[in-house]
Amino acid sequence: MAWIWITLVFALVVHLFMRALLWKKKSTKKKLPPGPRGFPILGNLHLLGQNPHHDLHKLAQKYGPIMSLRLGFVPTIVISSPEAAELFLKTHDLVFASRPPQEAMKHMSYEQRNMSFAPYGPYWRNIRKMCTLELLSTAKVNSFESMRREEVGLLVCFLKDASLSHAAVDMSAKISSLSADMSCRMIFGKKYMDEEFDERGFKAVFQEGAALAATPNVGDYVPYLAALDLQGLTRRMKAVSKVFDAFFEKIINEHLAKKKEEGQGQGKDFVDVMLGMMGSNEGEYHIERTHIKSTMLDMMAASMDTSATAIDYAMSELIRHPQGMKKLQHELKQVVGMNRTVEESDIESLEFLDMVVKETLRLHPPAPLLLPHESIEDCTVGGFHIPRKSRVIVNAWAIGRDPHVWGDPEKFVPERFEGTSIDVWGHDFQLVPFGSGRRGCPGMQLGLTVIRLVLAQLTHCFDWELPDGMSPSELDMSEEFGLTTSRVKHLVAIPSFRLKTVD
Numbered sequence: 364m365a366w367i368w369i370t371l372v373f374a375l376v377v378h379l380f381m382r383a384l385l386w387k388k389k390s391t392k393k394k395l396p397p398g399p400r401g402f403p404i405l406g407n408l409h410l411l412g413q414n415p416h417h418d419l420h421k422l423a424q425k426y427g428p429i430m431s432l433r434l435g436f437v438p439t440i441v442i443s444s445p446e447a448a449e450l451f452l453k454t455h456d457l458v459f460a461s462r463p464p465q466e467a468m469k470h471m472s473y474e475q476r477n478m479s480f481a482p483y484g485p486y487w488r489n490i491r492k493m494c495t496l497e498l499l500s501t502a503k504v505n506s507f508e509s510m511r512r513e514e515v516g517l518l519v520c521f522l523k524d525a526s527l528s529h530a531a532v533d534m535s536a537k538i539s540s541l542s543a544d545m546s547c548r549m550i551f552g553k554k555y556m557d558e559e560f561d562e563r564g565f566k567a568v569f570q571e572g573a574a575l576a577a578t579p580n581v582g583d584y585v586p587y588l589a590a591l592d593l594q595g596l597t598r599r600m601k602a603v604s605k606v607f608d609a610f611f612e613k614i615i616n617e618h619l620a621k622k623k624e625e626g627q628g629q630g631k632d633f634v635d636v637m638l639g640m641m642g643s644n645e646g647e648y649h650i651e652r653t654h655i656k657s658t659m660l661d662m663m664a665a666s667m668d669t670s671a672t673a674i675d676y677a678m679s680e681l682i683r684h685p686q687g688m689k690k691l692q693h694e695l696k697q698v699v700g701m702n703r704t705v706e707e708s709d710i711e712s713l714e715f716l717d718m719v720v721k722e723t724l725r726l727h728p729p730a731p732l733l734l735p736h737e738s739i740e741d742c743t744v745g746g747f748h749i750p751r752k753s754r755v756i757v758n759a760w761a762i763g764r765d766p767h768v769w770g771d772p773e774k775f776v777p778e779r780f781e782g783t784s785i786d787v788w789g790h791d792f793q794l795v796p797f798g799s800g801r802r803g804c805p806g807m808q809l810g811l812t813v814i815r816l817v818l819a820q821l822t823h824c825f826d827w828e829l830p831d832g833m834s835p836s837e838l839d840m841s842e843e844f845g846l847t848t849s850r851v852k853h854l855v856a857i858p859s860f861r862l863k864t865v866d
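In terms of this note's numbering, the sequence shown is residues 364 to 866.
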């Protein structure tokens, strides 16, 4: 039997090698963007290490802001400048509005039925329209203001108690927990304890799912090998998916039972809204149970870690730059006063806070490579031929460090935004932490609301110092790449309560 397997493997390798040669021959007929030479079959996969956004940034400095790679059999275009980003995300937005197939989303997100990774087409347009109008509208985001106030107030009370004993607090963990609790209440209607989810815990399973989605999967780049599951990822993805599915079924059943008991009242959380549409065929979309589950997963994944990561980085940078912290606290004192905590109505008046958030997102975009795009047809961009089915990666991390746009790009200088109209909403391509165009993040308003409120509250209510006599310059800012790229080491700091009273 061994000779049969050897023959099959040999035939597969030869077939893949011939495919690679054929792709290269076809590609040379038209001018592709410049890029490094690759190996047969693997292409340029060997050039990507633990932090691909750093590796791609270095390669772009040699090959240019529109760079061509081959990851396995997947032609890949990497964008690393504002001008190039505008071409792909605005000028030719429709051509690059799709998402490539991914094994992780296939197994963990109901065959890519979630809004974030669904390919471009009628289904995606309809699900995005529903989410934008019914779940992420300004009115819906504002309706959860009292919930956000309550959850942030609980964190402030915890930190105030810690300050009495001068205790060091794992702020990364507390911020992450706060974000998860707010997401659960907004999406599911209540917070869920770990034991209600899985023996591993709520956060742990979501983190495993995110890690699996971010792990380079040979099946994504050499599709013929996907079924072999050489890395053992598919087995783990299916196991995580079963946990997700059982949890979401439980939530749906709880909401249906509650609805039956209380009658046809207007739901208040995201699941209530979607259940009200289930089975409907009004408008252009038809909502079924699978769509609700995929959207719940999407909302949790998009809202939990992204906001928490941004807040964590912002707090770390402010502690590393005491003058920036003092300037923000002075603004808060002038606008809010020292007799109460920050309200969401105060946020629009806090100009330096807005600069701090922009500068944090410039230096530390939570998703440094955004989500990958895929071209739906052949296209010529900037004089280069972009083949159909090319994967397009926008390196937002590199764009935020473009020296042609930003002076001293590696430094944390919020004041650089003073007197400018640059925003993070996708209009200005030198700052695209949420993407732009059709596939820009529809939850921008919600994310920014949470980031600004929590950051304002933490800096207004407390002074901060590092434990064990650590100086701010010693704070480790090393990154751990994933769907969201967080700090390797948690931020541990000692709070000192600074308000006169808490209302």
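Treat the hints as calculated values from the structure; they're not laboratory data. Since the model is a prediction, treat every value here as computed from it, not as a measurement. Heads up, a few of these hints could be off.
Unchecked claim - Derived Cβ-Cβ restraints for the label pairs, each shown as a range:
#1 Q686 / A590: 29 to 39 Å
#2 Y555 / S841: 26 to 36 Å
#3 Q413 / S506: 34 to 44 Å
#4 E711 / A602: 21 to 31 Å
A virtual CB, placed ideally from N, CA and C, is assigned to each residue, including glycine.
We went through each hint and held it up to the structure:
1. Q686 / A590: 29 to 39 Å: Check failed, 57 Å falls outside 29 to 39 Å.
2. Y555 / S841: 26 to 36 Å: Because 32 Å falls inside the window, the suggested range holds.
3. Q413 / S506: 34 to 44 Å: holds (41 Å)
4. E711 / A602: 21 to 31 Å: violated (45 Å)
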